[in-house]
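Asks: If you want the building blocks of each chain, they are given just below.
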Amino acid sequence: GIQVEQSPPDLILQEGANSTLRCNFSDSVNNLQWFHQNPWGQLINLFYIPSGTKQNGRLSATTVATERYSLLYISSSQTTDSGVYFCAVERGAGNNRKLIWGLGTSLAVNP
Amino acid sequence: ETGVTQTPRHLVMGMTNKKSLKCEQHLGHNAMYWYKQSAKKPLELMFVYSLEERVENNSVPSRFSPECPNSSHLFLHLHTLQPEDSALYLCASSQDSRGPGNTIYFGEGSWLTVV
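Going down the list, the sequences are from chains A and B. Position one of the first sequence corresponds to residue 318 (the numbering used here), numbered consecutively onward. Position one of the second sequence corresponds to residue 140 (the numbering used here), numbered consecutively onward.
Calculated from the structure, these hints are not laboratory results. Quick caveat, the model's predicted, so the values are computed rather than measured. Treat the hints with care, as some may be off.
Stated by the list, open to error - Derived lysine to aspartate or glutamate pairs resembling DMTMM-like cross-links, with alpha carbons at most 20 angstroms apart:
id	chain 1	residue 1	chain 2	residue 2
1	B	K179	B	E247
2	B	K179	A	D327
3	A	K415	B	E183
4	B	K157	B	D224
5	B	K158	B	E206
6	B	K180	A	D327
7	A	K415	B	D235
8	B	K180	A	E322
9	A	K415	A	D327
10	B	K175	B	E206
11	B	K179	A	E384
12	A	K371	A	E384
13	A	K415	B	E195
14	B	K158	B	E247
15	A	K415	B	E192
16	B	K179	B	E223
17	B	K180	A	E332
18	B	K161	B	E206
19	B	K157	B	E195
20	B	K175	A	E407
21	B	K175	B	E247
22	B	K179	B	D224
23	A	K415	B	E191
24	B	K161	B	E247
25	B	K180	B	E223
26	B	K180	B	D224
27	A	K415	A	D344
28	B	K180	B	E247
29	B	K158	B	D235
30	B	K175	B	D224
31	B	K157	B	D235
This is chain A alone, in the form it adopts within the complex (with noise of 0.2 angstroms):
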């Protein structure tokens, strides 16, 4: 099946900071999103995002589906981003549709 690989696992920032978190996918996929889990597991739809450049506040995702990758972009980070993004790519049609979750990059920002 296919595979969803997030990078970096983990990442420390100071705030302030900018990072540009990834997903790599192995298979061409319908659509992809980035949520953000926050400490008390609420998990919050971020982007959906099939392919180019979308932004959100201090946040931007860019997806290049025909390289099959996606980032996510933080910037100007805050305590309260602290967290784990996850990337999910959608499958299939009909019935058969899924998402295929990454293992998410837990982020923690530090004062």
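Based on these hints, arrange chain B on the given structure of chain A.
Replies: Structure of chain B alone, referenced to chain A:
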């Protein structure tokens, strides 16, 4: 606040107990999901319901029993669980389980510990 509410947030149960997890969505969505999240593993999809009909069951042991009485409510009934079932159980909903452009919204999760 994502519009998906899970209760309880934390649950400790013995291996012989019977308990239930509850999920409610206020988004008018037609599809609801149960996921299991264990340490160092990808999220595992357990069950999918579309318009109250179960459309997917990913080889989940029978000690987990889902129930979807209507499109806004989803339960996960638990009995005779094992310690390895300890995990974060996440409920989610989306407009449709089959259409494209399907953003998924998660609840805050129920932390389950089996002792």
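Asks: Does K175(B) pair with E247(B) here, judged by a C-alpha cut-off of 20 angstroms?
Replies: holds (13 angstroms)
Asks: For K415(A) and E183(B), compute the direct alpha-carbon distance and say whether it is at most 20 angstroms.
Replies: Holds. K415(A) to E183(B) sits at ~11 angstroms (cutoff 20 angstroms).
Asks: Is K158(B) close enough to D235(B), meaning Cα to Cα at most 20 angstroms?
Replies: violated (28 angstroms)
Asks: Is K161(B) close enough to E206(B), meaning Cα to Cα at most 20 angstroms?
Replies: holds (10 angstroms)
Asks: Assess, step by step, whether the Cα of K157(B) is no farther than 20 angstroms from the Cα of D235(B), and give holds or violated.
Replies: violated (31 angstroms)
Asks: Take the C-alpha atoms of K158(B) and E206(B), compute the straight-line distance between them, and say whether it is at most 20 angstroms.
Replies: Since the Cα atoms of K158(B) and E206(B) sit roughly 13 angstroms apart, the hinted pair holds (cutoff 20 angstroms).
Asks: Holds or violated: K179(B) and D224(B), Cα atoms, limit 20 angstroms.
Replies: Holds: K179(B) and D224(B) sit about 14 angstroms apart, inside 20 angstroms.
Asks: Is K158(B) within 20 angstroms of E247(B), Cα to Cα?
Replies: The hint holds at about 18 angstroms.
Asks: With a cut-off of 20 angstroms on the C-alpha distance, tell me whether K179(B) and E384(A) pass.
Replies: Given that 20 angstroms is the threshold and the Cα spacing comes to 27 angstroms, the pair is violated.
Asks: Regarding the pair K157(B) and D224(B), is the alpha-carbon distance no greater than 20 angstroms?
Replies: Holds, because 14 angstroms separates the two Cα atoms, which is no more than 20 angstroms.
Asks: Mind checking the alpha carbons of K371(A) and E384(A) for me, to see if they're no more than 20 angstroms apart?
Replies: The given pair, whose Cα atoms are some 18 angstroms apart, holds under the 20 angstroms limit.
Asks: Taken at face value, is the distance from the CA of D344(A) to the CA of K415(A) at most 20 angstroms?
Replies: Between K415(A) and D344(A) the Cα gap is close to 14 angstroms, so the pair holds against 20 angstroms.
In terms of the numbered hints stated before, the structure departs from hints 9, 11, 17, 19, 29 and 31, listed from lowest to highest.
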